[in-house]
Structures are given as C-alpha cells and as structure tokens.
Amino acid sequence: RQAVLPLGGTFAFVAAWWGLSLLMEPDTRRLFLPAPPDVVKQAVHIFRTEPMTVHLGVTLEEVAAAFVAAVLVGIPAGLVMGWYRDVNASVNGLITCFNAMPRIVFMPLMMIWFGLGIPSKIALGFVTAVPVIVLTTLAGVVSVDKALVTVSRSFGASNRQVFWTVVLPASVPPIMAGLRLGMGLAIVGVIVGELFAARSGLGYLINIYGNTFQTASMLVVVILVALIATAILVPLQRIEARFQQWRPPLT
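Each residue of the sequence shown is one higher than the last, beginning at 241 in the numbering used here.
Check the hints yourself; a few may be wrong.
[To be verified] Cβ pair distances, simulated, as ranges:
(1) 409 with 333: 24 to 34 Å
(2) 294 with 481: 33 to 43 Å
(3) 471 with 344: 17 to 27 Å
(4) 264 with 320: 49 to 59 Å
(5) 397 with 304: 35 to 45 Å
(6) 404 with 331: 20 to 30 Å
(7) 327 with 391: 22 to 32 Å
(8) 337 with 285: 42 to 52 Å
(9) 471 with 324: 31 to 41 Å
(10) 281 with 451: 14 to 24 Å
(11) 391 with 276: 54 to 64 Å
Hints listed in this document are in silico derivations from the structure and should not be mistaken for laboratory results.
From the three backbone atoms N, C-alpha and C, an ideal C-beta is built for every residue, glycine too.
The task is simple: from the sequences and hints, build the whole structure.
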C-alpha cells in the first residue's frame with residue numbers, strides 16, 4: 241500500500257498533464273505544455289546530443305560540496321547554541337532573521353566574491369541549507385528531557401559526560417530531520433544559482449531552454465532534477481524515520 245499510493249498519485253498527475261495538453265492546439269501545446277510522449281521523445285534526443293553527464297556531474301558536485309559544508313558548520317553551531325545559553329541568546333535572532341530571508345538576494349554578492357564558476361553555486365547552496373540545520377540542531381538540544389539531565393547530574397556526571405551521553409544522543413532525531421531539510425534546500429540553492437548565472441549544470445540548461453522557448457527540453461531537465469532530488473531525499477527520509485524511534489513516547 242505504501243508503494244502503490246505514490247505511484248497512483250504520479251499516474252494521476254501524468255494523466256492530468258496529458259489530458260490538459262491534448263485540449264490545446266498543436267502549436268500552443270508545443271510552446272506551453274508539451275504532452276508526456278513529446279517530452280520523452282525530446283529526452284532521448286537530449287541525452288544523445290547534449291553532454292548531460294557533464295552538466296549532471298557539475299550540479300551533483302555543487303550540491304554535495306554545499307551540503308557537506310552546511311553540515312560541518314550547522315551541526316556544531318547548533319550544538320554550541322543549544323548547550324550555551326549566552327551564545328544562543330546572542331546569535332539566535334540573527335540566525336532566525338537570516339533563515340527568513342530569500343537566499344537569492346545573496347547571489348550577486350556570491351558572484352562578486354566567487355565569480356560565475358562552481359564556487360558561487362556552492363556558496364549559495366551553503367547559505368540556503370545551513371540555517372535550517374543550525375535551527376533544527378538547536379531545537380534538538382533544547383528539547384532534551386530535563387529530567388534525564390537532572391538524573392545524570394545526580395549520579396555525578398560531569399557537563400562533558402551529560403553532553404556526550406544524554407544530550408547528543410537525544411538530539412539525533414531532530415538533527416536527522418534537519419539534514420533531510422538541508423539537503424533539499426542545498427539542491428534548491430544550487431539550481432537557483434545555476435539559473436541566475438552559470439556556464440554549466442542542470443539549472444543552466446533550464447535557463448537556456450526556457451529563454452529559447454524549448455519547453456519540452458526544459459521539462460526534461462526539470463523532471464531530471466525532480467528525480468535526482470527524490471533519489472537523494474527518500475533514503476534520507478527513511479533514515480530519519482529509523483532515528484525517530486529514539487524519541488521517547490508521548491505521555
């Protein structure tokens with residue numbers, strides 16, 4: 241049942257898309273909403289004529305680098321903010337404000353700092369993903385059951401022991417949720433950066449095809465991005481679900 245329902249939703253979406261496209265005149269359909277068979281035919285053509293592996297490799301490289309950097313910065317920052325109240329009070333408002341901002345406003349600055357190449361897309365993916373990882377990690381630390389901390393201290397545990405044996409393990413489920421959200425945002429940030437200014441990548445192709453009114457080709461790349469995101473996020477979602485079992489039952 242869990243496998244059939246998503247497939248049913250996908251088939252319903254494709255059927256609605258196909259039916260809507262058939263209601264249009266051929267010329268209108270070609271420009272505004274090509275039918276699924278036309279998109280499949282164009283996909284075969286694109287993969288035969290375009291260096292798709294190069295563009296795909298560039299995007300995956302940027303996403304991986306942005307996500308790893310966001311994890312290396314976000315998790316330690318969230319742990320420090322959650323453990324030290326003064327640090328949290330000092331920077332929480334700034335992080336929250338930064339998280340509420342549309343990250344695309346930073347793209348001109350990234351271009352000035354890093355140019356039009358890969359580093360600017362990595363930087364935009366990083367600034368898009370890192371706030372949510374910081375905030376979910378922080379939420380995990382501050383939501384630890386205070387009774388567990390009190391009991392640990394009553395048995396003579398030091399602050400370091402409390403952190404490593406109580407706080408950090410209890411924070412793992414929210415951290416995993418933050419990693420899943422951060423990966424999705426890293427993909428969004430990189431693709432948006434490639435749409436804005438790039439010489440290669442899937443976002444670059446979407447921009448080129450869109451500007452030249454090659455709608456079927458653009459949809460091919462959009463669907464490819466969606467498939468890649470699904471292939472990355474579904475395993476992370478399953479890992480997150482396993483770690484959710486660590487949460488104590490609600491009473």
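- [ ] Tell me, in ascending order, the numbers of any earlier hints that this structure violates.
- [x] The structure breaks none of the hints.
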